[in-house]
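Student: Here's the letter readout for the chains.
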Amino acid sequence: MKLLTHNLLSSHVRGVGPRGFPLRLEATEVRVIPVEFNPDFVARMIPKVEWAALLEAADHLRLAEVPKGPTQGYEQDETFLRKMHHVLLEVEVVEGTLQCPESGRVFPITRGIPNMLLNEEETQT
Amino acid sequence: MSDVQEATNQLLHVNLHENQRYIHVTESVPRSESEHLRVTIGATVPTGFEQVAADEVREKLRSSCKISKDRGKIYFDISVESLAQVHRLRSVDNLFVVVQELKDFQFKETKEKVLKDFEELAGKLPWSDPLKVWKINTSFKKKKTKRKKLNQNLSKEKIDNGGDKGDERDVKKELSNNALDSHILDYYEKPAIKEEISTLVGDILASCKNENDESSKEDTEPEVLKFRVTCNRAGEKHCFSSNEAARDFGGAVQDYFKWKADMTNFDVEVLLNIHDNEVIVGIALTEESLHRRNITHFGPTTLRSTLAYGMLRLCAPQPSDIIVDPMCGTGAIPIEGATEWSNCFHIAGDNNPLAVNRAANNISSLLTKSQIKEGKLSWGLPIDAIQWDICNLPLRTGSVDIIVTDMPFGKRMGSKKRNWNLYPACLWEMSRICKPGTGRAALLTQDKKCFTKVQCSNSKTQLEDPGIQWCLDLRV
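Protein chains in written order, with our numbering: chain A, 1 to 125; chain B, 1 to 476.
Derived from the structure by calculation, the hints contain no laboratory data. Incorrect hints may appear among the rest.
[Claimed, not checked] Here are a few chain B residues that face chain A, going by a calculated C-beta distance under 7 angstroms:
no. : residue
1   : S64
2   : A234
3   : P319
4   : W379
5   : I386
6   : W388
7   : P394
8   : G398
The C-beta atom is built at its ideal place from N, Cα and C for all residues, glycine as well.
Could you build the full structure based on these sequences and the hints that come with them?
Tutor: This is the structure in structure tokens:
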């Protein structure tokens with residue numbers, strides 16, 4: 001699971017609503033897999049990123065050199081874009097967990113795939 | 001770069017999962033050496049996606065298309081140098097080169113007269129240029145088979161190193177398939193009014209004729225090509241069947257070229273497409289009549305990649321769009337997406353652990369292929385897989401740009417009864433996660449009744465901030 005994906009995931013436990021974001025990320029196995037750098041893609045993705053969630057996740061994974069926010073003129077700043085590219089797309093959580101900040105429910109990540117299925121009781125409305 | 005070198009480069013790079021970088025349209029190249037042949041190519045596409053395919057042709061080949069009245073076919077002109085690029089089209093199932101288009105064929109009143117006309121037609125057609133194209137095309141395919149075998153051997157090594165054997169084998173097949181060998185499912189197509197080809201009778205008769213006229217000429221011939229005629233006929237006013245047309249036309253073709261008729265092991269497949277008064281004779285460039293028999297299963301309901309491509313293209317993905325398939329099965333759609341639109345981010349989700357694992361395997365096998373091709377070690381793609389419940393998507397509201405999915409039809413998967421409950425919940429969640437204003441979706445479904453019911457009830461309850469503008473675009 002990439003950090004860009006983590007940025008989109010939100011807990012859907014009953015009653016939690018928007019307080020289910022962001023999920024608390026813990027990892028026991030992380031891999032770095034290079035992905036072709038596309039500056040245009042990264043530049044356009046920046047405004048869509050929820051920064052606080054990204055920084056928190058990166059912190060939990062103990063990643064170094066993570067920009068704290070978009071810099072002035074970031075669209076042309078290749079160093080900045082490359083760092084963001086690395087953080088969003090190249091860091092893969094292979095084994096770990098995602099925890100709902102509101103309910104505490106834990107979702108496992110196995111072989112890179114998060115399992116977000118809930119039990120019957122957790123979804124009944 | 002000379003023509004020859006350009007052509008060689010194209011031959012070496014014929015591979016549909018290729019990096020966009022390698023595709024270049026031949027522009028102002030000195031044309032002194034080659035014949036610079038221009039031909040008309042016909043392509044079969046999933047019905048309803050003719051316009052999408054035409055757009056792709058315009059984009060990649062800079063050619064405009066004619067969309068045939070005979071559904072599921074488009075025609076365009078190219079110069080022979082672009083043949084490699086034609087094979088890279090992702091929205092076409094099969095290709096053929098047009099020998100001749102007869103727009104207003106005057107069918108005579110009796111069957112005998114009509115069939116005689118077909119016989120006489122064979123000798124009058126301009127075969128030489130199309131046959132040249134066929135020859136060039138065959139040499140492409142030989143090179144491709146060599147590369148396929150190389151890739152298969154290399155990915156086989158990967159299997160031996162661990163992982164799910166069954167899945168890997170399936171995945172290998174999926175990836176070595178391409179638009180040329182389409183895999184799976186006329187399941188989505190409405191049964192056509194066309195007669196299905198069954199020219200076995202024609203073959204027997206032709207081979208009978210062959211025995212009678214046997215001459216020693218054939219033995220001294222260095223290369224006797226094997227051929228078959230495939231006839232598709234649509235129209236109500238014809239007094240003959242496709243079998244009969246194929247048989248008699250085939251007989252004449254055989255006499256003209258002294259080829260051998262062979263229904264299964266053929267070199268040349270001659271196509272006789274008849275739609276009302278329009279007759280088109282062509283030569284297949286891909287395995288036209290066999291593609292339906294080439295069913296390889298990676299999962300119970302895997303979608304044809306041409307259909308996946310067409311649906312994605314319909315949504316006009318923009319760079320950095322987030323594209324989700326919330327019922328991905330084996331991941332056909334997101335994988336097609338990650339290959340063709342690598343400037344977007346793709347998410348494949350399903351509730352079934354088998355499906356998600358298969359999708360993840362398919363993804364990592366994709367990586368293997370590009371690894372080999374570009375000599376890069378373990379490069380990743382902008383795609384992720386998640387196990388989730390479509391009725392309760394763990395995604396932020398308004399975070400997704402595009403949803404493309406193949407909805408369960410209630411035939412092979414699920415049931416009509418389940419669909420009744422599934423559809424409203426699905427659509428609700430899908431509209432929630434979609435970005436208001438710009439969010440869009442392409443949903444493939446055969447269950448019209450259920451879908452229409454849901455749509456109506458949604459507008460009655462007046463969804464707030466409808467994320468998706470529901471365009472009920474039924475492709476049947």
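Student: Which earlier hints turn out false for this structure, listed by number in ascending order?
Tutor: Hints 1, 2, 8 contradicted; others consistent.
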